[in-house]
Amino acid sequence: MPHPETVPDGTPPQADPERPAQLRRILRLFRPYRGRLALVGLLVAASSLVSVASPFLLREVLDTAIPQGRTGLLSLLALGMVATAVVSSVFGVLQTLISTTVGQRVMHDLRTAVYDRLQHMPLAFFTHTRTGEVQSRIASDIGGMQATVTSTATSLVSNLTSVVATVVAMLALDWRLTVVSLLLLPVFVWISRRVGRERKRIASQRQKQMASMAAIVTESLSVSGILLGRTMGRSDSLVRSFSAESERLVDLEVRSNMAGRWRMAVIGIVMAAMPALLYWAAGIALSVGGPRMSIGTLVAFVTLQQGLFRPTVSLLSTGVQMQTSLALFQRIFEYLDLRVDITDPEHPVTPEEIRGEVRFEDVTFRYDAEGPGGTRGDGEDGGQRAEKQRDDAQRGGGHAGGHVGEQPGAPTLSGIDLTVPAGGSLAVVGPTGSGKSTLSYLVPRLYDVTGGRVLLDGVDVRDLGLDTLARAVGVVAQETYLLHASVADNLRFAKPSATDEELYEAARAAQIHDHIAGLPDGYDTLVGERGYRFSGGEKQRLAIARTILRDPPVLVLDEATSALDTRTEQAVQQAIDALSAGRTTITIAHRLSTVRDADQIVFLDGGRIVERGTHAELLARDGRYAALVRRDSGTGDGAGAAGPVVTAGTEAPVSGDTAPEAAAVTAP
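Here the sequence shown stands for residues 1 to 668, numbered as in this note's numbering.
Note that these hints are calculated values from the structure, not bench results. Just so you know, even glycine gets a beta-carbon here, dropped at the ideal spot from N, CA and C. Be careful, since some hints might not be right.
[Stated by the list, open to error] In silico lysine to any residue, SDA-like type, Cα no more than 25 Å apart, as pairs:
no.	residue 1	residue 2
1	LYS495	VAL527
2	LYS208	ILE26
3	LYS208	LEU118
4	LYS208	VAL340
5	LYS495	ARG550
6	LYS495	ASP551
7	LYS495	HIS515
8	LYS495	PRO348
9	LYS208	VAL250
10	LYS208	VAL239
11	LYS495	GLN574
12	LYS495	ARG471
13	LYS208	THR343
14	LYS495	MET322
15	LYS208	PRO348
16	LYS208	MET322
17	LYS208	VAL254
18	LYS208	GLN135
19	LYS208	THR129
20	LYS495	ARG583
21	LYS495	ALA581
22	LYS208	SER256
23	LYS208	GLN321
24	LYS208	PHE242
[Stated by the list, open to error] Label-pair ranges, simulated between beta-carbon atoms:
no.	residue 1	residue 2	range
25	ILE138	GLU479	19 to 29 Å
26	ALA265	VAL87	32 to 42 Å
27	ARG533	GLY92	44 to 54 Å
28	THR499	ASP467	52 to 62 Å
29	GLY233	LEU519	32 to 42 Å
30	GLU479	GLY458	28 to 38 Å
31	THR100	VAL179	54 to 64 Å
32	LEU249	PRO275	36 to 46 Å
33	HIS347	GLY233	56 to 66 Å
34	PRO275	ALA113	43 to 53 Å
35	ARG339	ALA578	38 to 48 Å
36	VAL179	GLY283	10 to 20 Å
37	VAL239	HIS347	52 to 62 Å
Take the sequences, apply the hints, and build the full model.
This is the structure we're talking about:
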C-alpha cells in the first residue's frame, strides 16, 4: 500500500515515481463527464479570447478615436469594451456553474466509492482501524479535496488559457517587451514547485493529525465515552489530551499556510513592479532613438501585462494547491486500493429453498498476519478480540495470555468437523479466545476459512451470493447495534417493506411489543445514540424482533443472553425460543441455561473441538464440560453431574480461563 510522502525537513524531496499514474487515475474520475468538460473548455477559451480584445480596443481609443476627435468611433469602441466585459462575465458564470456541478458529482462518486469499499471490507478491518480514522478519510480528506475538484481544475484550464491568449496578444503588440516581461517566468515556476512539494508534505501530516483528533472525538464524545470519562473522573484529562492534539494541528495549519509564503510574496512584488519597468524601458528607448511606440500600444501592452499577473499567480498557486490535494487523493486511493477478500462468486449458486443444514468440513482458520486489506495485523482476529474483551469484562478481571491466535499467523481454528441438521441446535462453549465467535462468523462469511469448507445445505458458502447468505443466516449478538432512528425504522432495517402489523407481530414474538406500545411515541420513539434510551435486554429483544422480520432459516446467537438479570434473561430467552423455533440455531453461550437444551454441545479449546455431545452425555463423561458445570454451580464434588445444576440468577459465565483442575475446587 502506498504511503504518504514523509521527506524530512531540509532534505530535498525526491521525484515521486507514482505521480504520473496517480494523475492519470485522478483524470479518470472525470471521464464520465467528458461532454460537460468539453463545454467548459469552450467557454474558457471564448472568455479568454474576449477578455484580451479589450486592450486592443483601448489602443484604438488612445491612438485614433480621441486624437482625431471621432466621437462615433469612440462611442463604438467604448460600447465594445463594455460588451467584452459582459460577454466574458456571462461565459465565466456558465463555466463556473458547469464545472462546479461536475466537481460535486466527482466528489459524490468518490465518497460513494470509498463507502462502498468499506462496506465490503472484512470484519477484521474494523477491529484494526479506529472509527475516527475511517470518518476522517470520508469526511475530512474528501472534503479537503473539494476546492481542487470543484474549482481548481477549472481554474487551471482557465488561467492557462488566459496566460496563453495574453502572451499571444502581447507578442502581437511588441515582441521585445514581451520577452522582457517573460524573463522571470522560469524562476517563478521553480519557486512554485518548491512551495508545492513543501505544502504536500505538510498536508499529509496535517490530515493524519486531523484523523487522530477525529478518532478522539468519536471515542470520547459518544454516549459510552462520556459515561466512561465521567465515571472514571477522566473528563479533565480527556480535555487536556484533546487540547494537545488540537495544538499540534494548529502548528501544522500555520506551517501549511505559511509554507513558501515569502517566496510567493516576492513573485507578487515583482509582477506588480513590471508596469513601472515597462514604462521606464519604453521611455529610455524613445530617448535614445529606439523603435517608436504609440501611447495606445504602450498602454494596451501594460494593460495586458497587468492582466497577465492575476492568472500567472493563480496558475502558480493552483500548482501549489494541487500538490496539497495529491496528498489527500493518495490517502483516499489507499482506501480504494484495500483488498476485498470476501466477494460474490463469479457464478453464484441460487438455491430455490434453503433448509438450513450447516456443515463444517475440516475447517481451519488462520488470521492473516498482514491484517485485512493488506494492513498489518496483530495476529488476533476480531471475533477473538471481541470474545476476550467481553469475557474479561464479565469476569471483572484481566486476561493472562496463553490463547491461540496471539502469535501472528497462529491458527484460530483447526480441524473443525461439525454437522448441524436443518432445524437443529448447536451450542459452543469454551475458554476465552478459543475461537467460539470466529466459528460462528464463518457461517455468514464475515470471515472466510483458511482451509476446509463451510457448507449450507451441501453448498459451499463461498459459492453462494452474499445477498443469499444474508437472507439465509441471521446473527443476533450481545452488543446490539441500533440506528439513531425510530423503533419502526430500526425494525424495518431488516425488511424495508414490512407493514405495521408485521412489526407488531415480530415485536410480540420478541416480548417487546408491550414495552414499545407503552412509550409516549410508540413505534415512532427515537431509540437514541446506539440505543441508549433502551436497556440492554430491551435492545436485545429489539434485535431479535428485527431478525424475526428477516425470517432466516439459520440463526447465529453470539452470547445473546450474557450479562442480563434473571427477569430480563427470561424475557429474552422466551424471545429467542420463539425465534429459534424451526430454525437451525448456533449459540455461542455464556450461561448454561442457553446450553442444556441444545441438540449438540461442543467444547472448544485452542481452536479445536475437545468434547462434543448432549448436556447429559458430557456430564456423564466427567470431562472439561462437566468441570465447567461444577464450577458454575458452585459444587466441586461432582454433585452437579446428577441433574440440573444451574439455576437462573446464579449462573456464572460459561467461558473462562480457569483450567479444569482449578474449576473443580470445592467451593467454601
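- [ ] Identify every previously stated hint that the structure contradicts and give their numbers, smallest first.
- [x] 13, 14, 15, 28, 31
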